[in-house]
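K.L.:
Listed below, chain by chain, are the residues.
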Amino acid sequence: MATVKPRVKVPKSASAGEVITIKTLISHPMESGQRKDKEGNPIPRKIINKFTCEFNGQTVFSCDLDPAVSANPYLEFTAKVNEAGTFKFAWVDDDGSVYTHEQEIALK
Amino acid sequence: MKKQYLVSVAAIAMAGALSTAAVAGGPVDEKLVIDGEIEMTTRTAPPEGHPLDELISGWHYRTVETRALETDSFENPGMLGVEDGEQIWNTVEGTEGKSCASCHGDAAESMKDVGAHFPKWDAESGRPINIELQINKCRTERMGAEAYKFDKGGQKPLTAYIKRQSLGTPVSIDLSQGDMQSWWEKGKEMYYTRTGQLNLSCATCHEDHNGQFIRADHLSQGQINGFPTYRLKQGALVSVHNRFRGCIRDTRAEMPAAFSDELMALEVYVTWRGTGLSVETPAVRQ
Numbered sequence: 630m631a632t633v634k635p636r637v638k639v640p641k642s643a644s645a646g647e648v649i650t651i652k653t654l655i656s657h658p659m660e661s662g663q664r665k666d667k668e669g670n671p672i673p674r675k676i677i678n679k680f681t682c683e684f685n686g687q688t689v690f691s692c693d694l695d696p697a698v699s700a701n702p703y704l705e706f707t708a709k710v711n712e713a714g715t716f717k718f719a720w721v722d723d724d725g726s727v728y729t730h731e732q733e734i735a736l737k
Numbered sequence: 070m071k072k073q074y075l076v077s078v079a080a081i082a083m084a085g086a087l088s089t090a091a092v093a094g095g096p097v098d099e100k101l102v103i104d105g106e107i108e109m110t111t112r113t114a115p116p117e118g119h120p121l122d123e124l125i126s127g128w129h130y131r132t133v134e135t136r137a138l139e140t141d142s143f144e145n146p147g148m149l150g151v152e153d154g155e156q157i158w159n160t161v162e163g164t165e166g167k168s169c170a171s172c173h174g175d176a177a178e179s180m181k182d183v184g185a186h187f188p189k190w191d192a193e194s195g196r197p198i199n200i201e202l203q204i205n206k207c208r209t210e211r212m213g214a215e216a217y218k219f220d221k222g223g224q225k226p227l228t229a230y231i232k233r234q235s236l237g238t239p240v241s242i243d244l245s246q247g248d249m250q251s252w253w254e255k256g257k258e259m260y261y262t263r264t265g266q267l268n269l270s271c272a273t274c275h276e277d278h279n280g281q282f283i284r285a286d287h288l289s290q291g292q293i294n295g296f297p298t299y300r301l302k303q304g305a306l307v308s309v310h311n312r313f314r315g316c317i318r319d320t321r322a323e324m325p326a327a328f329s330d331e332l333m334a335l336e337v338y339v340t341w342r343g344t345g346l347s348v349e350t351p352a353v354r355q
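Chains as they are written, first to last, in the working numbering: chain X, 630 to 737; chain H, 70 to 355.
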């Protein structure tokens, strides 16, 4: 699980006004910064500290994550879909990297 | 008079156990369907000569939340390991410049249902071979790569990836190959031999007392159709030989080495005990 890889599950289509469930998962060690290695040196913190989800430019869900969140954080939330468009997901790492993923949804 | 009283209490307890089976530790009466598509056989009639009346997958003994994790391959944390395995499948390693895919192509085709029929007889070494050892054989003989040490490197993810290609296929092994029957006998003897300071055999817990509590935990039949399994306790994939060793450690006995003759015999026998159950790899357990 060395590679960080985002995964997202969004329905392919929805009827206008429907509330859909979105599932996201990113493989990430979420090193808390509290642990020590074999020599007793602290292992530097490296976690995903922020997650956002936008739909056609508008934020539908976002949250801050803290060191107590376990490895491979899984987030599930709902969003109301009024039009066809694109969900954009972003995970912000402590080292400044941003992992992104996009998924389109059509209207039924 | 007193005896009669006891009988009626037992009857009430039984009725209670039936309606709240999950609380009582027994198997729940539900169906396992993965991704709303693949119906799994988690309860089945045993093969001839089997001591149990019905074979039940460990899935039935777990809590609602744990069971739900396995029904959706997106939520199943073990699938991260399976994805790692897919990467390894396509990665070239060793002096021959080959990956698994160089010879076997698309695992979805070439490995379909393969994992459901291991361990098999390996005539060259004159002993049964499981998926882990088969991978090592390929690595050393065909790829010119080093064999994986037990539970190290890509052993668990690659095994899980190969076994995942048999999802839903009933487990069955061929005991007529080579000397498999005598290894089965050896495994059976191990299964019923009490060992360790606690003087327990596999059968003590998993045959005589499955469905009951062991301290705060539910005892299952100890089926291995879902291995490598994602255990919430470890937060990682756990191999079958690791689990065997863990159980043996808990009886406070000396643990045989992974892939030793003892544990290979036990794997043959315990796999047979789950004949007919669907491969669930990676199953999710507590």
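Everything labelled a hint here was simulated from the structure, so no lab data went into it.
If you're wondering where the values come from, they're calculated on a predicted model, not measured in any experiment.
Glycine is no exception: its CB is placed at the ideal position from the N, C-alpha and C atoms.
Each hint should be verified, as a subset may be incorrect.
Label pairs and their in silico Cβ distance ranges [what the hints assert, rightly or not]:
1) X:T707 / H:G304: 40 to 46 Å
2) H:K221 / X:A719: 32 to 38 Å
3) X:V633 / H:V133: 39 to 45 Å
Residues of chain X clear of chain H, computed beta-carbon distances all greater than 10 Å [as the list claims (entries may be wrong)]:
4) T632
5) R636
6) A643
7) G646
8) L654
9) S656
10) V689
11) D693
12) S699
13) A700
14) N701
15) E712
16) E731
17) E733
18) A735
K.L.:
Test the statement that T632 (chain X) is away from the interface with chain H: the closest C-beta pair must be farther apart than 10 Å.
P.N.:
violated, 8 Å
K.L.:
Say whether it holds or is violated: N701 (chain X) keeps its Cβ farther than 10 Å from all Cβ of chain H.
P.N.:
N701 (chain X) is in fact no farther than 10 Å from some Cβ atom of chain H, at 6 Å.
K.L.:
Does L654 (chain X) sit more than 10 Å from chain H, CB to CB?
P.N.:
Non-interface label on L654 (chain X) violated, nearest chain H Cβ at 7 Å vs cutoff 10 Å.
K.L.:
Does V689 (chain X) clear chain H by more than 10 Å, comparing its Cβ with all Cβ atoms of that chain?
P.N.:
holds, 19 Å
K.L.:
Beyond 10 Å from every chain H Cβ: check whether that's true for E733 (chain X).
P.N.:
Holds, since 18 Å exceeds 10 Å.
K.L.:
May I ask you to test the hint 39 to 45 Å on the CB atoms belonging to V633 (chain X) and V133 (chain H)?
P.N.:
violated, 31 Å
K.L.:
Could you check that no beta carbon of chain H comes within 10 Å of the beta carbon of E731 (chain X)?
P.N.:
Since the minimum Cβ distance to chain H is about 17 Å, E731 (chain X) lies beyond 10 Å and the statement holds.
K.L.:
Measuring Cβ to Cβ, find out whether R636 (chain X) lies farther than 10 Å from everything in chain H.
P.N.:
Not fine: 7 Å to the nearest Cβ puts R636 (chain X) too close to chain H.
K.L.:
Over 10 Å to the closest beta carbon of chain H is the bar; see if G646 (chain X) clears it.
P.N.:
With a cut-off of 10 Å, G646 (chain X) remains clear of chain H, as the shortest Cβ separation is near 24 Å.
K.L.:
Hey, is S656 (chain X) genuinely clear of chain H, shortest beta carbon separation above 10 Å?
P.N.:
For S656 (chain X), whose nearest Cβ neighbour in chain H is about 5 Å away, the distance does not exceed 10 Å, so it is violated.
K.L.:
Beyond 10 Å on every Cβ pair: is that true for A735 (chain X) relative to chain H?
P.N.:
holds, 20 Å
K.L.:
Quick check for students: does the CB of S699 (chain X) sit more than 10 Å from each CB in chain H?
P.N.:
violated, 7 Å
Hints 1, 3, 4, 5, 8, 9, 12, 13, 14 from the earlier list are contradicted by this structure; the remaining hints agree with it.
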